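Same order as they appear, the protein sequences are chains A and B. Its first residue numbered 1, the first sequence is counted upward by one per residue in the UniProt record's numbering. Its first residue numbered 1, the second sequence is counted upward by one per residue in the UniProt record's numbering.
One should not assume that every hint holds.
To be verified - Away from chain A, derived, C-beta distances all over 10 Å, residues of chain B: (1) Ser16; (2) Ala73; (3) Thr118; (4) Ala141; (5) Gly163; (6) Ser173.
As the list claims (entries may be wrong) - Partial list, computed: chain A residues near chain B (C-beta under 10 Å): (7) Ala74; (8) Ala76; (9) Ala80; (10) Leu145; (11) Ile148; (12) Phe152; (13) Val155; (14) Leu162; (15) Val167; (16) Leu204; (17) Arg219.
No lab work stands behind these hints: they were computed from the structure. Note that the structure is a prediction, hence the values are computed from the model and not measured. For every residue, glycine included, the Cβ atom is placed at its ideal position computed from N, Cα and C.
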Amino acid sequence: MRRAFLALLARDLRLAFRAGGGAGLGVVFFLAVVVVTPFAIGPDLALLARIGPAILWIGALLASLIGLDRLFAADAEDGALDVLAMAPLPLELVAAAKGLAHWIATGLPLVLAAPVLALLLNLAPASIGALTLTLLVGTPAITFLGLIGAAFAAVFRRGGLLVAVLVMPLTIPVLIFAVAATATALGGTVPFGTPFRILLGLSLAALVLGPVAAAAALRVARD
Amino acid sequence: MALMDLANPTRFLALSGRVLPWLSGLALATLAIGFLLAFRAPADYQQGETVKIMYIHVPFAWLAMFGYSMLAASALGILVWRHPLADVAHKAMAPIGAVFAFLCLFTGSLWGRPMWGTYWVWDARLTSMLVLLLLYLGLLALRSAIEDPNQAGRAAAVLSLVGFVNVPIVKFSVDWWNTLHQPASVFRMDGPTIHSSLLWPLLICALGFTLLMLALHMAAMRNEIHRRRLRVLEARAAAEAAYA
Chain A
1 MRRAFLALLA
11 RDLRLAFRAG
21 GGAGLGVVFF
31 LAVVVVTPFA
41 IGPDLALLAR
51 IGPAILWIGA
61 LLASLIGLDR
71 LFAADAEDGA
81 LDVLAMAPLP
91 LELVAAAKGL
101 AHWIATGLPL
111 VLAAPVLALL
121 LNLAPASIGA
131 LTLTLLVGTP
141 AITFLGLIGA
151 AFAAVFRRGG
161 LLVAVLVMPL
171 TIPVLIFAVA
181 ATATALGGTV
191 PFGTPFRILL
201 GLSLAALVLG
211 PVAAAAALRV
221 ARD
Chain B
1 MALMDLANPT
11 RFLALSGRVL
21 PWLSGLALAT
31 LAIGFLLAFR
41 APADYQQGET
51 VKIMYIHVPF
61 AWLAMFGYSM
71 LAASALGILV
81 WRHPLADVAH
91 KAMAPIGAVF
101 AFLCLFTGSL
111 WGRPMWGTYW
121 VWDARLTSML
131 VLLLLYLGLL
141 ALRSAIEDPN
151 QAGRAAAVLS
161 LVGFVNVPIV
171 KFSVDWWNTL
181 HQPASVFRMD
191 GPTIHSSLLW
201 PLLICALGFT
211 LLMLALHMAA
221 MRNEIHRRRL
231 RVLEARAAAE
241 AAYA
């Protein structure tokens, strides 16, 4: 079972990196969001430093949500999903493997790009570290919560907007605690560990809930 | 067993046809009494007459949450027992719950304007009700996006269970985030902090609105069953016309 899981993970990673588009495009979109924001609110560096973590988190959230609708779609279109559904590997683990591959291909590049983009927004070194840590812990939660939306998108061939509308409300707690943890790096009454640990808890819960719900959603069309 | 008999849509139609007029009448009577008591209740020493908004605002808030719990219960009915009536109940409840959540926010903002000086604040309780409304709207969007009614029902059921697990988490995190709204004052461990002259009209109004919601839900379920039967009849007529 572990071999099947790893094989699926490796296959999805190869597809993501060789077929092109996936990983790089998300980072470019992230960059675009971060670049247009100062045009909307003005080039005031002090203001940007204050709201920078929020801008970066919204950019990462949007980049993650927009990439979601292709997560299962290609496999649903060419029939690979039907083969996977009949395989001995439970559909929950199939969803988890695909989610993990999707996060490595699209979420991890966002985390790696964030410190560079944070410089554009004049963030202090301490907040850059805190922000990158929260992104590292929080983006898997968004991808795994998004699995259910991705499953609906693939099964019912409804793209982008529907997925974002369904998944966005579920991600609010992640956003709250991630931005709160980043804000503590600039001082405040709450230590960094408090919101950060809750964020970790939310991520762990999403790692379990997401694949189970996505598998249930994929089975809807199956019988 | 009596509950299992209700599983049959025909029996449900027969029974609900008899119950619905009484339920609607009872709802209207309870609401009439509740409103009468609410108007005779003393004005708040600080908020004046605007406190009357509470008698509709608070029941809307409770019922928006109650409606989502009903959705989760019928979602279990759909996914575990594959119950056709559970799907009807689920589909009928979603728009009603969405309207109650919207009315809660709407009356709340009308109350907030004279009391807090603004229609909207990003306070914890307002925000979690807004998120609940978003969850309702997501469910409606999902149902309308899927053509096959059977699949739409099961997909909406999965989504509403995920939402139900998330509602307490959202509530907790938003509470942590910001709080201006007064904390719960009716359901508390040490008894309600609201004075009994205001509490009784509130509870009667809440009962009235609950009966109203149940009556609306029952009527919507009857409509949905009729709509489905009509669709089957139309399909059959079209098939017969094609063969003839």
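Hints breached by this structure
4, 5, 6, 7, 8, 9, 16
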